[in-house]
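So the sequence lines, in the order shown, correspond to chains A and B. Residue numbers for the first sequence follow our numbering, so the first one is 1 and each next one is one higher. Residue numbers for the second sequence follow our numbering, so the first one is 248 and each next one is one higher.
Simulated from the structure, these hints should not be mistaken for lab results. Backbone N, C-alpha and C fix where the C-beta goes; we use that ideal spot for every residue, glycine too. There could be a bad hint or two in this list.
To be verified - Under the rule of at most 20 Å between Cα atoms (straight-line distance), these lysine to aspartate or glutamate pairs were calculated in the EDC-like manner: (1) B:413 to B:427; (2) A:244 to B:273; (3) A:172 to A:212; (4) B:491 to A:141; (5) B:491 to A:58; (6) B:491 to A:60; (7) A:244 to B:305.
To be verified - Reference excerpt, derived from the structure (chain A facing chain B, CB under 8 Å, subset only): (8) 16; (9) 20; (10) 47; (11) 93; (12) 127.
Said to hold, decoys possible - Just so you have them, the derived chain B footprint on chain A, three or more residues with Cβ under 8 Å: (13) 74-84; (14) 147-157; (15) 165-178; (16) 205-213; (17) 230-237.
The lines below spell out each chain.
Number of protein chains: 2
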Amino acid sequence: MGTLWAVGIGPGGAEFLTGQAREALDRAEVLCGYTVYVELVAPLFPGKETYTTPMRQELERCRWALEKAQSGKEVAFLCSGDAGVYGMAGLLLQLAPQYPGVEVQVVPGVTAALSGGAVLGAPLGHDFCVVSLSDLLTPWEAIEKRLRCAAAGDFCLCLYNPSSRKRAGHLKRACGILLEAGKSPQTVCGWVRNIGREGQSARVLSLQELREAELDMFTTVFIGSSATREIAGKMVTPRGYEAKCGW
Amino acid sequence: MGTLWAVGIGPGGAEFLTGQAREALDRAEVLCGYTVYVELVAPLFPGKETYTTPMRQELERCRWALEKAQSGKEVAFLCSGDAGVYGMAGLLLQLAPQYPGVEVQVVPGVTAALSGGAVLGAPLGHDFCVVSLSDLLTPWEAIEKRLRCAAAGDFCLCLYNPSSRKRAGHLKRACGILLEAGKSPQTVCGWVRNIGREGQSARVLSLQELREAELDMFTTVFIGSSATREIAGKMVTPRGYEAKCGW
Numbered sequence: 001m002g003t004l005w006a007v008g009i010g011p012g013g014a015e016f017l018t019g020q021a022r023e024a025l026d027r028a029e030v031l032c033g034y035t036v037y038v039e040l041v042a043p044l045f046p047g048k049e050t051y052t053t054p055m056r057q058e059l060e061r062c063r064w065a066l067e068k069a070q071s072g073k074e075v076a077f078l079c080s081g082d083a084g085v086y087g088m089a090g091l092l093l094q095l096a097p098q099y100p101g102v103e104v105q106v107v108p109g110v111t112a113a114l115s116g117g118a119v120l121g122a123p124l125g126h127d128f129c130v131v132s133l134s135d136l137l138t139p140w141e142a143i144e145k146r147l148r149c150a151a152a153g154d155f156c157l158c159l160y161n162p163s164s165r166k167r168a169g170h171l172k173r174a175c176g177i178l179l180e181a182g183k184s185p186q187t188v189c190g191w192v193r194n195i196g197r198e199g200q201s202a203r204v205l206s207l208q209e210l211r212e213a214e215l216d217m218f219t220t221v222f223i224g225s226s227a228t229r230e231i232a233g234k235m236v237t238p239r240g241y242e243a244k245c246g247w
Numbered sequence: 248m249g250t251l252w253a254v255g256i257g258p259g260g261a262e263f264l265t266g267q268a269r270e271a272l273d274r275a276e277v278l279c280g281y282t283v284y285v286e287l288v289a290p291l292f293p294g295k296e297t298y299t300t301p302m303r304q305e306l307e308r309c310r311w312a313l314e315k316a317q318s319g320k321e322v323a324f325l326c327s328g329d330a331g332v333y334g335m336a337g338l339l340l341q342l343a344p345q346y347p348g349v350e351v352q353v354v355p356g357v358t359a360a361l362s363g364g365a366v367l368g369a370p371l372g373h374d375f376c377v378v379s380l381s382d383l384l385t386p387w388e389a390i391e392k393r394l395r396c397a398a399a400g401d402f403c404l405c406l407y408n409p410s411s412r413k414r415a416g417h418l419k420r421a422c423g424i425l426l427e428a429g430k431s432p433q434t435v436c437g438w439v440r441n442i443g444r445e446g447q448s449a450r451v452l453s454l455q456e457l458r459e460a461e462l463d464m465f466t467t468v469f470i471g472s473s474a475t476r477e478i479a480g481k482m483v484t485p486r487g488y489e490a491k492c493g494w
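I would like the entire structure built from these sequences, with the hints used as guidance.
Rendered as structure tokens:
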């Protein structure tokens, strides 16, 4: 029986891989995942069997990997960012009991909330929420409720999947809900596109401006708490040392 | 003028460093940080000047690093986990305008929500909140409000700083608030102690049991949403493929 590593590869470039992720990819005989991720990473680990499927064939891809591991192969299942945060580690662990003898090991990685946050500065320096705006698997009402609760708690927010061709307008709706729930139009926000990849771009802007922004599915969005500030072009949520130390 | 890298080193062991973090630590002439973190990492990058201060001298440590960078040195400021999530990146960016010419670059890392989550399985597989129970810099009322809002939104929760000698009882109070706010006593929870270090331990348990647990400050706590399940000893929050695919 083989091991199946669910590996978080970070935002893309080799420089975001942890040593632990490298080791798993190195040991694996098979690399499996969504086509784009495998293409990013496979050239660094040549000579391995690869298996890729397009988006939205997650169940089939997970079953393939579990079967492969059951047949005795060492398999690495590539996940963008972290393996657990909207990644496939959960689905693999849900299915694993149907494949006796396969051991699923989760290897964490730098999720977009962290890699995108670093580009903007330190937007998640205090308590925060991560919410996906994709309603493929989650009813929009549940997303809306979470946005209202995040606003009520004055959390910083990181939004994944802010839009897609089928979800045009989701970000605009989300911003509207947050404003309605009491967030100021001047709340400091930011977005990062193509994190850690060619053509990376980012902007710090107000919630009011974010509402009108046209962003694509390769973008991660950050919405500040009431304490978040723009400092020299960076988005920063202070933890509160300035109050404690009395500047 | 030098560069100041705020580097997220992950939970401790060298295997959690990203390539980007390694490169910054390699290029730096000075390693600076809380004593424990510097001791974990400095042996991997020998022959460098080091500067350490005990806990709670964050402001002084940041100023030292900024001055050093202003004098022309390349400085790496070590942060446990991620540089931005309750890390020093925010404070460094807040202070940086007082040190003209110093460029602060943030290098993200694997924060405990991710590294601890991987040990437990995939507890943060759907929308989640991260909340620190430390009231050193945040009034307890604000923490309590965020816990209530996280419960109202049926978020998964990751709790940092669940207790310390001065904060005994905070976790118990937090669990009480979550129960009062409507979370079921049977909610699947978990904790991980000494993530990625010697003597790592973890347990999956109910919210009711968590309320009675005695945990120390080296522990990270996970509280499930209503969808979180224990599967073969792992803590898993499904994203919803099982519903979509009709198992």
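So, going through the hints one by one against the coordinates:
This hinted pair does not check out: residue 413 (chain B) and residue 427 (chain B) have alpha carbons roughly 24 Å apart, beyond 20 Å. With a C-alpha separation of about 34 Å, the suggested pairing of residue 244 (chain A) with residue 273 (chain B) is violated against the 20 Å cut-off. Only pairs whose Cα atoms come within 20 Å are accepted, and residue 172 (chain A) paired with residue 212 (chain A) is accepted, the gap being roughly 7 Å. Taking the CA atoms of residue 491 (chain B) and residue 141 (chain A), the gap is near 17 Å; set against the 20 Å cutoff, the hint holds.
This hinted pair checks out: residue 491 (chain B) and residue 58 (chain A) have alpha carbons roughly 11 Å apart, not beyond 20 Å. Restraint check for residue 491 (chain B) and residue 60 (chain A): satisfied, since their Cα atoms lie roughly 13 Å apart, inside the 20 Å limit. Of the pairs offered as hints, the one joining residue 244 (chain A) and residue 305 (chain B) holds, with about 11 Å between alpha carbons and a cut-off of 20 Å not exceeded. Proximity of residue 16 (chain A) to chain B holds as hinted, the smallest CB-CB distance being about 5 Å (cut-off 8 Å).
Against a cut-off of 8 Å between C-beta atoms, the interface hint on residue 20 (chain A) holds, since the closest Cβ of chain B lies about 4 Å away. Checking residue 47 (chain A) against chain B by beta carbon gives a least distance of about 21 Å; that is not within 8 Å, so the hint is violated. A least Cβ separation of about 5 Å between residue 93 (chain A) and chain B falls short of the 8 Å threshold, and the interface hint therefore holds. Restraint check, residue 127 (chain A) versus chain B: the minimum CB separation of about 5 Å is within 8 Å; hint holds.
Counting residues of the stretch 74-84 of chain A whose beta carbon lies closer than 8 Å to any beta carbon of chain B gives 3, which reaches the threshold of three, so the coverage claim holds. For the stretch 147-157 of chain A, the proposed coverage by chain B is satisfied: 7 residues have a C-beta within less than 8 Å of a C-beta in that chain, meeting the threshold of three. Look at the stretch 165-178 of chain A against chain B: 0 of its residues bring a Cβ nearer than 8 Å to a Cβ of that chain, fewer than three, so the hint is violated. With 0 residues carrying a beta carbon less than 8 Å from a beta carbon of chain B, the stretch 205-213 of chain A misses the three-residue requirement, and the given coverage is violated.
Evaluation of the coverage hint for the stretch 230-237 of chain A: fulfilled, as 5 residues show C-beta separations to chain B shorter than 8 Å, against a requirement of three.
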